[in-house]
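J.: The primary structure of each chain is shown beneath.
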Amino acid sequence: MSEIAATASGVETAKELGLLAEEYQKIVEILGREPNFNELSIYSVMWSEHCSYKNSIVWLKTLPKDGPHMLVKAGEENAGLVDIGDGLACAFKIESHNHPSALEPYQGAATGVGGINRDIFTMGARPIAQLNSLRFGKLESKRTQWLLKGVTKGIGDYGNAFGIPTVGGEVYFDACYEQNPLVNAFSAGILNMETDKMISAKSGGPGNPVFIIGSFTGKDGIAGAAFASKDLTEASAEDIPSVQVGDPFQEKLLLEATLELAKTGAIVGMQDMGAAGITCSTSEMSAAGDLGMRIHLDKVPTRQADMKPWEILLSESQERMLAVVEKGREAEVKAIFDKWDLSCEQIGEVIAEDNLEYYWHGELCAQTPAQPLVLGGGAPVYYREHREPAYFKQYKEFDINSIIVPSDLQATAKKLMAHPNIASKRFVYNQYDSMVGTVNMSTNNPTDASIVNIKGTNRALAMTVDCNSRYVHVDPKVGTMIAVSEAARNIVVSGGVPSAVTNCLNFGNPYEPEVYWQFVNAIKGMSEACTKFETPVTGGNVSFYNQTVIKDSTEPVFPTPTIGMIGIVEDKKHITSIPFKSKGDLIYMLGENRNDISSSQYLVNIHGVENSSAPYFSLEEEYTLQEQLKMTIRKGLLASAHDVTEGGLFVALMEKSMSSGLGFDITSDSAIRSDAYLFGESQSRVVVSVNPENEDAFIDLMMLNGVEFDLLGHVTKGAVRIDDVSWGDVADYKEIYDTAIEMQL
Amino acid sequence: MKFGVVVFPGSNCDKDMIYVLKEILKQEVVELWHKDTDLQGVDFVVLPGGFSYGDYLRSGAIARFSPIMEKVVDFANQGGYVMGICNGFQVLCEAGLLPGTLKHNNSQTFICKNVWLKPASNDMALTANLDTNKAYQIPIAHGEGHYFADDATLAELKSNNQIIAYYSNSNAEVLDSANPNGSVNSIAGVCNAGKNVFGMMPHPERAADENLGNIDGRAFFESLLKNLVPA
Numbered sequence: 014m015s016e017i018a019a020t021a022s023g024v025e026t027a028k029e030l031g032l033l034a035e036e037y038q039k040i041v042e043i044l045g046r047e048p049n050f051n052e053l054s055i056y057s058v059m060w061s062e063h064c065s066y067k068n069s070i071v072w073l074k075t076l077p078k079d080g081p082h083m084l085v086k087a088g089e090e091n092a093g094l095v096d097i098g099d100g101l102a103c104a105f106k107i108e109s110h111n112h113p114s115a116l117e118p119y120q121g122a123a124t125g126v127g128g129i130n131r132d133i134f135t136m137g138a139r140p141i142a143q144l145n146s147l148r149f150g151k152l153e154s155k156r157t158q159w160l161l162k163g164v165t166k167g168i169g170d171y172g173n174a175f176g177i178p179t180v181g182g183e184v185y186f187d188a189c190y191e192q193n194p195l196v197n198a199f200s201a202g203i204l205n206m207e208t209d210k211m212i213s214a215k216s217g218g219p220g221n222p223v224f225i226i227g228s229f230t231g232k233d234g235i236a237g238a239a240f241a242s243k244d245l246t247e248a249s250a251e252d253i254p255s256v257q258v259g260d261p262f263q264e265k266l267l268l269e270a271t272l273e274l275a276k277t278g279a280i281v282g283m284q285d286m287g288a289a290g291i292t293c294s295t296s297e298m299s300a301a302g303d304l305g306m307r308i309h310l311d312k313v314p315t316r317q318a319d320m321k322p323w324e325i326l327l328s329e330s331q332e333r334m335l336a337v338v339e340k341g342r343e344a345e346v347k348a349i350f351d352k353w354d355l356s357c358e359q360i361g362e363v364i365a366e367d368n369l370e371y372y373w374h375g376e377l378c379a380q381t382p383a384q385p386l387v388l389g390g391g392a393p394v395y396y397r398e399h400r401e402p403a404y405f406k407q408y409k410e411f412d413i414n415s416i417i418v419p420s421d422l423q424a425t426a427k428k429l430m431a432h433p434n435i436a437s438k439r440f441v442y443n444q445y446d447s448m449v450g451t452v453n454m455s456t457n458n459p460t461d462a463s464i465v466n467i468k469g470t471n472r473a474l475a476m477t478v479d480c481n482s483r484y485v486h487v488d489p490k491v492g493t494m495i496a497v498s499e500a501a502r503n504i505v506v507s508g509g510v511p512s513a514v515t516n517c518l519n520f521g522n523p524y525e526p527e528v529y530w531q532f533v534n535a536i537k538g539m540s541e542a543c544t545k546f547e548t549p550v551t552g553g554n555v556s557f558y559n560q561t562v563i564k565d566s567t568e569p570v571f572p573t574p575t576i577g578m579i580g581i582v583e584d585k586k587h588i589t590s591i592p593f594k595s596k597g598d599l600i601y602m603l604g605e606n607r608n609d610i611s612s613s614q615y616l617v618n619i620h621g622v623e624n625s626s627a628p629y630f631s632l633e634e635e636y637t638l639q640e641q642l643k644m645t646i647r648k649g650l651l652a653s654a655h656d657v658t659e660g661g662l663f664v665a666l667m668e669k670s671m672s673s674g675l676g677f678d679i680t681s682d683s684a685i686r687s688d689a690y691l692f693g694e695s696q697s698r699v700v701v702s703v704n705p706e707n708e709d710a711f712i713d714l715m716m717l718n719g720v721e722f723d724l725l726g727h728v729t730k731g732a733v734r735i736d737d738v739s740w741g742d743v744a745d746y747k748e749i750y751d752t753a754i755e756m757q758l
Numbered sequence: 605m606k607f608g609v610v611v612f613p614g615s616n617c618d619k620d621m622i623y624v625l626k627e628i629l630k631q632e633v634v635e636l637w638h639k640d641t642d643l644q645g646v647d648f649v650v651l652p653g654g655f656s657y658g659d660y661l662r663s664g665a666i667a668r669f670s671p672i673m674e675k676v677v678d679f680a681n682q683g684g685y686v687m688g689i690c691n692g693f694q695v696l697c698e699a700g701l702l703p704g705t706l707k708h709n710n711s712q713t714f715i716c717k718n719v720w721l722k723p724a725s726n727d728m729a730l731t732a733n734l735d736t737n738k739a740y741q742i743p744i745a746h747g748e749g750h751y752f753a754d755d756a757t758l759a760e761l762k763s764n765n766q767i768i769a770y771y772s773n774s775n776a777e778v779l780d781s782a783n784p785n786g787s788v789n790s791i792a793g794v795c796n797a798g799k800n801v802f803g804m805m806p807h808p809e810r811a812a813d814e815n816l817g818n819i820d821g822r823a824f825f826e827s828l829l830k831n832l833v834p835a
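Chain order of the listed sequences is A and B. Using our numbering, the first residue of the first sequence is number 14, and each one after it goes up by one. Using our numbering, the first residue of the second sequence is number 605, and each one after it goes up by one.
Hints listed in this document are in silico derivations from the structure and should not be mistaken for laboratory results. Every value quoted in this text rests on a predicted model; they were computed, and no experiment measured them. Keep in mind that a hint or two might mislead.
As the list claims (entries may be wrong) - With a straight-line Cα cutoff of 25 Å, these simulated DSS-like cross-link-like pairs (lysine-lysine) come out:
#1 747(A) to 717(B)
#2 707(B) to 630(B)
#3 762(B) to 162(A)
To be verified - Which residues of chain A face chain B? A partial, calculated answer using Cβ under 7 Å:
#4 448
#5 449
#6 458
#7 631
#8 687
#9 752
#10 753
#11 757
For every residue, glycine included, the Cβ atom is placed at its ideal position computed from N, Cα and C.
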């Protein structure tokens, strides 16, 4: 130990690495001495927000995490695992890659896709489909256009080569994301509980060899976790070496080799190397197994010859795994990686004591117990102060009567259809391979949630990512309940049953009490809604510091707790899609129309009014609506269904029309302002079409449960008529909708 | 019919192709590993889509040098049936088994969407049973799908009926506005002079399962199965 003490690093270095003075003292207590630079580097990344969740864990623990379908709960393994029937389980998770994407959109987004897929297949599940949730500044800004193009290409190039379809997602534009875009990537995989073996992320068996698998370790992405745990500033561009570089080809090989390896049973545990690379994977696997590891850093294959121990410890080079293998079966494992032309090197072994020992050419260069490094072990846990911001009450004072109904509603409708938050995102999604794998059932039959076929069964998987962050901003608790509700509604409307949730919590700086108030209330809302829908939270990630310091002003992004939800379609005949099916079908609204334009795209983008509260929402009403929908769909009474969200009823009807080529003829409700009727975003509403033959049965069923419903009109051949006035033809609106975004690029 | 589907490192449509051949068309299928040199007595070799060897140099440029491709080239030159879809088409062009080459899409972006194809003739097994006045809806998914060949080659392809299909609109009209990637003469796929080697960018195997709501691609496979002449 003498050489370790001799090179002790002080508190000043600790601060430079992003640690607090009190955290430095804690490290000294744990080690019983001053840490050296290598050790300080280890602690700085492991105790960064990104790895330790130190400012969020207290609240995350309040989320419901158990449900009837849970096989692996939040925090137990790399991702949650849910029973989806027929002996199959689904592993799924969402993660952010915001900060890297802000600096280098192409690689930042690409490696986000790589990281989330590794989380899935490290468990032994083959990824089956991906989603993503993206947020940018205003589309007219040159920076946004650069970010949008780069992020889209990055996600596409990585996901397309990796060969897993991107089946859905969301894209929003708002000035608050101008400097700090959000890039949240979701992946879901399937594991056959009978024939496949789940791979644990726990170490086991002292004496077992430890291998590093996949790409060589380079200087890219060093200390990326620490970088992601601070504010973005003008100086952030100097952090570009913190952004990793992705290689989807290696990832594809790693996927095939890992799944082949899983079948052998020679693997004890495995974890992918994401944030904090070797440091994080060795400490988390060890802590989870209540063991230690002896690691020889000089045995790690490197890209550059002159890498130092701390660089190897902290490198976030992509497409790498740490694996603990059963002693005696090394040759079997190596043969699989040879087959796939992948590197597989033994770099150490498991030891019985809770101690991580890192050697450099035979000399101990760092050592620490594993437990104090990790979440749930000794990593710091902070209770942060929170304070209600002044805007919260002020927004609630919004009065709809202060807004004058526009004289030309048709022009308003066309303007809304062209708004980037509503217009077609085909510029983005056409760059993603959405059909590889031949499982995407929504390509030719669009649905609110993406429907993924589970081959060989009568089931399908429904998945969606949702968050209207404007609602969350104006009212974090209600806004987050709406995000969960919308996700569940999308699944129910499409014919599925909601099963479980993964979340990606994108917020500003947690040390700002008003930002932390948004966080706390979002968690409260999420808990309440997830409990109601029996959709436990299986995991996800927290991304703080999403705000940009420009000169002297700090601009936090809208609080954005993106909800990723999966659901099960128990019988494929339940699948209900968006497009109208036949001329003459009746159009009904399920749920109540309200005199409400709060926080609608209409209010913000047509009237320029940002200060209003969340749209009308009642969790009880939402729940009843969804239960009613499930029943109606099971009886086979709906020809189509689509929920009302951004842009209100008019946009919902248009989306049903544009995807079918058919039009609609409706009569509005004179008790409600025409702008609120057409463009308001009050929640818990679904537009359905019903074949006239089913109308009686439909009405009988609707009368049973007290859900409000209303006949709007009928489906036409292509004409759009509202209150006996011609609004033109579907094709006119479709042209505007399809081309609005690409015309600005 | 015994089909062999080549698996290169980076192939990612291999399993989709096997699924369609085996589960939907009930054919015998084996996987042919890129490092192998034995075609296992197959009657028909398929090079599937994907990103063989990562396609970092130029699509298909490395795959053509793999051990299995040496055997595939011999097999094709002896009249054996070979079909390449997407990346497989690129490999066949790189290997010289098919004329022409594939360039970056005019948009310089990857494009994945449904397109319409109008079969160019009935003069090959792949299209013999297709309707040349009808448009078939088949997905594309590629970054380098812009087919290019010089004028002399194009004239030859045309006069020998070696063009498989053109990109068209839903009414089977071949228009520039319906050409997704800038391919010369809207060509979506070609075969060799011997009409035993086929290559096309669109993915018929992605339009063959009723669960996905479009089975236009099945017609291509069914035409093949009906019209192949055993070697």
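J.: Decide, hint by hint, whether the structure agrees.
T.: To see whether the hints hold, each was checked on the structure:
1. Between residue 747(A) and residue 717(B) the CA atoms are separated by roughly 17 Å; this keeps the pair inside 25 Å, and the hint holds.
2. Among the hinted pairs, residue 707(B) with residue 630(B) is inconsistent with the structure: their alpha-carbon atoms are about 35 Å apart, more than 25 Å.
3. With a C-alpha separation of about 38 Å, the suggested pairing of residue 762(B) with residue 162(A) is violated against the 25 Å cut-off.
4. Satisfaction of the interface hint for residue 448(A) is found here, the shortest Cβ-Cβ separation to chain B being roughly 5 Å, below the 7 Å cut-off.
5. Taking 7 Å as the C-beta cut-off, the interface hint given for residue 449(A) holds, the closest approach to chain B being about 6 Å.
6. A hinted interface residue such as residue 458(A) counts as satisfied when its beta carbon comes closer than 7 Å to some beta carbon of chain B; here the least separation is about 5 Å, so the hint holds.
7. Look at residue 631(A): its Cβ only gets to about 36 Å from chain B, farther than 7 Å, so that hint breaks.
8. With a cut of 7 Å, the hint placing residue 687(A) at the interface with chain B is violated, because the nearest CB-to-CB distance is about 37 Å.
9. Hint status for residue 752(A): violated, given a least beta-carbon distance of 13 Å to chain B, over 7 Å.
10. Interface hint at residue 753(A): violated, since its Cβ lies 18 Å from the closest Cβ of chain B, which is beyond the 7 Å cut-off.
11. The beta carbon of residue 757(A) is not positioned within 7 Å of any beta carbon in chain B (closest approach about 16 Å), and the interface hint is therefore violated.
Checked against the numbered hints given earlier, this structure breaks hints 2, 3, 7, 8, 9, 10, 11; the rest are met.
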